[in-house]
Each structure stands twice: as structure tokens, then as C-alpha cells.
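Enquirer: Here the protein sequences line up with chains Y, W and S, keeping their order.
Last residue of the first sequence: 294 in our numbering, with the numbers rising by one and none dropped.
Last residue of the second sequence: 388 in our numbering, with the numbers rising by one and none dropped.
Last residue of the third sequence: 763 in our numbering, with the numbers rising by one and none dropped.
No lab work stands behind these hints: they were computed from the structure.
Please note that a few of the clues may not be correct.
Computed cross-link-like contacts, BS3-like style, restricted to lysine-lysine with a CA-CA straight-line distance of at most 25 Å [as the list claims (entries may be wrong)]:
#1 W/K115 - W/K105
#2 W/K101 - S/K683
#3 S/K756 - Y/K289
#4 W/K227 - W/K105
#5 W/K115 - W/K73
#6 Y/K217 - Y/K150
#7 S/K679 - Y/K289
#8 S/K761 - S/K704
#9 Y/K289 - W/K366
#10 Y/K257 - W/K227
#11 S/K704 - Y/K289
#12 Y/K257 - W/K387
#13 S/K704 - S/K757
#14 S/K756 - W/K366
#15 S/K679 - W/K101
#16 W/K387 - Y/K150
#17 S/K679 - W/K115
#18 S/K704 - S/K756
Note that the coordinates shown come from a computational prediction; the quantities given were computed from them, not determined experimentally.
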Amino acid sequence: MDLQFILFFVFGTLAIASASATVLSKNPVVSAMALVFHFCTLACVYFTLNAQFVGALQVLVYAGAIMILVIFVIMLLNLGNEKAFAEKFNYRKGIAIMLGASFIIMLATSFLSKNYITNQMPASSLKNGTVEKIGLDLFTSYIYPFEAIALLLCVAVVGAIILAKKKISH
Amino acid sequence: MNTANITWMLAETGIKAFVIVNIILVMASAEVWLERKVCAWIQKRNGPNRVGPFGLLQPFADVVKLFMKEDIIPAAASKNFHRLAPLLSLMMAVAVYAVIPYANYVDVMGHRVYLGIAPNLNIGLLYILAMTTLGVYGITLAGWSSNNKYSLLGGLRSSAQMISYELSMGMALIGVVLVSGTLCLNGVIDKQVGWFWHWNVFCQPIAFIIFTVASFAETNRAPFDLPEAEPELVGGFNTEYSGMKFGMFFLAEYANMATASCFIAILFFGGWQLPFPQEMLGLKDGSVQLALAQFSSFFIKMLLFIFFFIWVRWTVPRFRYDQLMSLGWKILLPLSILNALFTAIAIIVFKL
Amino acid sequence: MIIGEYIPLFIMVILGFIVGAMFMVLSEVLGARRKTFEKETTYESGMIPVGSARERFSIKFYMVAVSFIVFDIEVVFMYPWAVQLRELGVQGLVAMSTFIVILLAGLYYEIKKGGLKWD
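So here's chain Y without its partners, still in its complex pose (with noise of 0.2 Å):
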């Protein structure tokens, strides 16, 4: 067995058991933790499938800057109140459950139908996973794209003051 195999499952199983904590759990706070452990094995995934500059970032930006805003609001809103969150609507649950499981059949049976699983990476994913290779992908292939964020970040600014500066009338 191939180590970087071994890893890959080793990770992948923190990964789905830090992801089903984090919704499993009645406590705001700890799913929110676990949600951060769970992006880091995620960047371990990356990691054991050549991608390395994905992986880096999966923790620079998701764990490091977005989960801090998702902390920061849970201590805003004070959720460690565990029955404020009772399940009131139980059909919606039933919903989830269903699409769920048909999402996990249509990964499956595609996964099967043909011969994916393999344990070999490709060798041209040892390129493309550096920075060097995204870095001029991005910038030749990808420019549209990439000058579209500068906007959609610059939108992303201005919403966040409107909505900060709105003036709530009593």
C-alpha cells in the first residue's frame, strides 16, 4: 500500500467524522470547532492529492478568516442556548434526509458505473497542484474570471457597510 493511499483514508475519515460532529452537535461552539478541525484534514486531503497550494489556502482562508466570522457571531448572537434550537418542523428533516440519500446513491452508483477508483494520481498532478502552475493559469486562462472576484469582493465591501450602518427605527 502506497502511504500517500493510506493517508488519503486516514484524512478522509477525520474529515467525514469532524464534519458529522460539527452538525450532529447541539453546542454552537463546538460545531463551530470542529468545523475548523474539519477544513484542516480537508487541507490534509489536498495535501495527500498533490494539491498543495488548494490545501494551504483551505486553511488560510476557510479555517483561518471565514470560521473567525462564524465565531465572532455566534458569541454576538450568544447561542449557548441548546434549546433554542429544538426541531419544531419535522417534515423538513424528512426532506433532508431523502435528498441526502439520493445524493449519496448518485455519487455512488457514478463512482461505480465506471472504474474511478484507482489509487494512482496522475503524474501531471504533481505540476499542477504548485503555486507556479496556478499562479500562470490564473492570470492567462482565468483573467476574466479573476478580475469578476475583484468586483464581487469590492460588492462584498459595500454590502457589509450598508448593512452594518443601517439605522434601525424603533
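Fit chains W and S to the known structure of chain Y by using the hints.
Expert: Structure of chains W and S alone, referenced to chain Y:
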């Protein structure tokens, strides 16, 4: 990769990691001693002088004392998060050291051993930034889990300050990356080879200043030690901590200070490069003597910056919080963006 | 193989965890333990604590966090660009300048609107 290679790598990494963790802990204690001595010297006092020669054993006595102290977890706190917070802080402070190169390499038994755990990592700089961001959780959680108003305010202030200055820090790094064209720390050092005027500090002075200021804020040290501003917040995020859990925050803070000094030395002062071309020593690459010379060069630079950190702490008064935030967002951030942009223009125009 | 370079990092992180956990356990085991009610109450400068600390706090902290996400993403995009600038040449410079100018406009708007004002 075959089994023999993996065994060799695990053994090598294991030994290096063990040695480095010990060095980190001893260094952190030594910094506490240095801090107290320098502070005493600046204030015309003697400083610690009872335990051991020149009070050198003082930090170890402190550690023993901290271990023996009662470890109080307040009844109102979230117990497990209260335990997790110092653990996270210390863990991230230790983890950052994985990418620091201490010297170039030594050839041992036909193997090339790099002095550092993973100094040739392709994304070394990103790894540093990622670990410093994760360090914010320790402080935020400490503030929140204590269920104390001072702790919460201190933790929030601290995390807001750390994320604000992290931006300027990352942006100042862009200047260095532009000059060296790589994210690998040994690569950055290799580009600064030769006489000392090849060091990055001479072509990126603005980035150096921004990075240093941001490092002060990032390590929560004066003049940016608002999270623990005694007159308003008692002890900040660590108000409710006692015993070695308090000590762990303390150790993490000093370990982070050493890390910041290491990074300033690596990014702007040539890391383990000697201030003159190493051929002048007449030693061959991979020899132990050369590695020792490089290590001493690195260590001296690092010590100088640690001294600088301490010096500033006991000289400069504390900022007000609004001043701190406006310095970070309105001055350092635009300045660092412009610095990156002008560096890029210079590289393209002059074909550097 | 790439993963070989990352295994040392995992080892270091795990070692950091072990050191931290060791300190924590030693501290809880070695320390004296005499619990009293006063000792375990929340510290509030000698006063009896009023209410909970888990109150809502100022919106400014969220503004900082949101702005941090936006500019962090900008910084992250700049790394591959900075590494490859010499390959990309003038085209890369123009692309990134546009990106930076748009985001600087956002920052300017935020500062002008007082989104980052603390007083």
C-alpha cells in the same frame, strides 16, 4: 517512496522535531529572563539575581512554581474550551517552527540533512500565515470560554487586532515574494546570497518596517499589548487562567516573539547567510563547520531582534484602541498594497 | 512524491499537541486543589459578578472580520501572482493592478463611510 526512505525520514524528522521543541521551550524561558534583565537595565534596577548565577535559573524556578500552583477553572466557564484554548495557542506556536531553516545543510552518511524540519517546503510562507491565523482561535476561545467580561473584551480586542495586522503582514510579504519569486523559505534565503547589501532589507525597506510593526501587533506585545491593558481589562483574555495554563499562554507569547524574530531575520536579513560571501571562509558546502557558522549568523540576528522587541516594549507607551485600528487599516494596509504594486512595476520596468 | 514533504509538518503539529497536553495534565495533577465557592466565582475586581459575560457586543468587530475576509482573499490571490510575475510580464501587472485598484476603491469607500471607525 520505499520503506528505507520513509524510516530514514521519520527518524530524521523525529530527532530534529524533538530537539527543536526543546530549544523552543528553553528559548522561551530564556527570553523571559532576558526580558526581565533588559527591563531592569532600562529602569536602572538589578532584575532577577537570586536564583542561580545572574538569576539565570529564575525562569525555571518560575515554571516549577507555575506547575505547583492551583489550577482554577471558574464555575461559570465552559470547562473543555477553557482547557482547549491554551493548548491551541501553544500548539500553533510550536507548529510554526516546522518551516524555519536554521542553517543550510550537513552531509551525514551520504544523506543530505537540512537543518530545519521542512525548510524546503514549497508553500513555506503560506504555512506560516496559516498557523498564525489558527493561533487566533486560542485567544478568542480563551476570552469566550472564561465567561468573564474582561476576558471576553480582551479576547475580542486581541483577535480583531491580530486579524487586522495579519493583512498588512501578508501584504508586506508579497514584496519579498516578488523579489525572490518563491514561497519556499530556503529559496528566499538563497536569493540573498553574497555580501550583506544583497539582503532584502535594502530593496524592501518599507516591507520590512510594515512587517516588523505587524509582528509586534501579531504577538500582542507593547506598544500593541491592548488585550492585556491592565488598567482597563485586568489581564485581558487570560484573566481567569492560573497555574501552568496561564504559563502556556505566556510560553506561547514568547515563542511567537522568537518566531517573529526568526522571520524578520529570514525574510529581510538573509537568514543563515553570512554577512559576506561564504566562500571567504574556505569551507565546503555541507561541512559541519560551515553549518555552525551559518547557524551562529542566524542566531545572532534572531537575538538582536528579540532584544529589539524587548527594548521597544519598555520604551514606547501603549496605543489607544482606535489609534491601533486606524494605523492598521488606514495606513499600513494601503501602504503595503502600494509597496507591492510599486515593487512589481519596478521589476517589470527594469527587468530585475 | 509530494506528501513526503508534508509528513514532517504533521509530526511537528502532533508534537506541539503532545507538549501542550502534557503541560495541561501536569498542571492539573501537580497543582494544589482546595476549591472554595469564592475562588470559583468569576473575577470582577472583587465585586460580585453581575449578569453573564455572554452579552452582545459591538458591530465594529464584525466589520473588521468581514473586511478581513475580503482582503485576505485579495492577499491570497497575490501570492501566485507574485511568484509568477516575471513569467507573466506586463499582462500580469495590468491584471493585478486592475484587481488592486478595484479593491482599494472598496477600502476607500469603507474608510469614508466610517466602517472602520472606532470611537
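Enquirer: Does each hint hold? Answer for all of them.
Expert: Hints and how they fare:
1. Under the criterion of a C-alpha separation no larger than 25 Å, the hint pairing W/K115 with W/K105 is consistent with the structure, at around 18 Å.
2. Pair hint W/K101 plus S/K683 holds up; C-alpha atoms about 19 Å apart against a cutoff of 25 Å.
3. With a C-alpha separation of about 12 Å, the suggested pairing of S/K756 with Y/K289 holds against the 25 Å cut-off.
4. For the hint pairing W/K227 with W/K105, the CA-to-CA distance comes to about 49 Å; that exceeds 25 Å, so the pair is violated.
5. For the hint linking W/K115 to W/K73, the alpha-carbon distance of about 36 Å lies beyond 25 Å, and the restraint is violated.
6. With a CA separation close to 16 Å, the supplied pair Y/K217 and Y/K150 stays within the 25 Å bound.
7. At most 25 Å may separate the alpha-carbon atoms for a hinted pair to count; S/K679 and Y/K289 exceed this at roughly 47 Å.
8. The hinted pair formed by S/K761 and S/K704 meets the criterion: a straight-line CA distance of about 8 Å does not exceed 25 Å.
9. Between Y/K289 and W/K366 the CA atoms are separated by roughly 19 Å; this keeps the pair inside 25 Å, and the hint holds.
10. For the given pair, Y/K257 sits about 21 Å from W/K227 by alpha-carbon distance, which is consistent with the 25 Å threshold.
11. Pair hint S/K704 plus Y/K289 holds up; C-alpha atoms about 10 Å apart against a cutoff of 25 Å.
12. Distance check on the hinted pair: Y/K257 and W/K387 sit about 21 Å apart at the alpha-carbon level, within 25 Å; holds.
13. The straight-line distance between the Cα atoms of S/K704 and S/K757 is roughly 13 Å, inside the 25 Å bound, and the hint therefore holds.
14. Between S/K756 and W/K366 the alpha-carbon distance is near 10 Å, which keeps this suggested pair within the 25 Å criterion.
15. Straight-line distance between C-alpha atoms of S/K679 and W/K101 comes to about 19 Å, which keeps the hinted pair within the 25 Å bound.
16. Between the alpha carbons of W/K387 and Y/K150 the distance comes to roughly 58 Å, so the proposed pair goes past 25 Å and is violated.
17. Note on S/K679 and W/K115: the hinted pairing holds, with a Cα-Cα distance of about 15 Å set against a maximum of 25 Å.
18. Distance restraint check for S/K704 and S/K756: the Cα-Cα separation of roughly 15 Å lies within the 25 Å cut-off, and the hinted pair is therefore satisfied.
When the structure is compared with the earlier hints, violations turn up for hints 4, 5, 7 and 16 and for no others.
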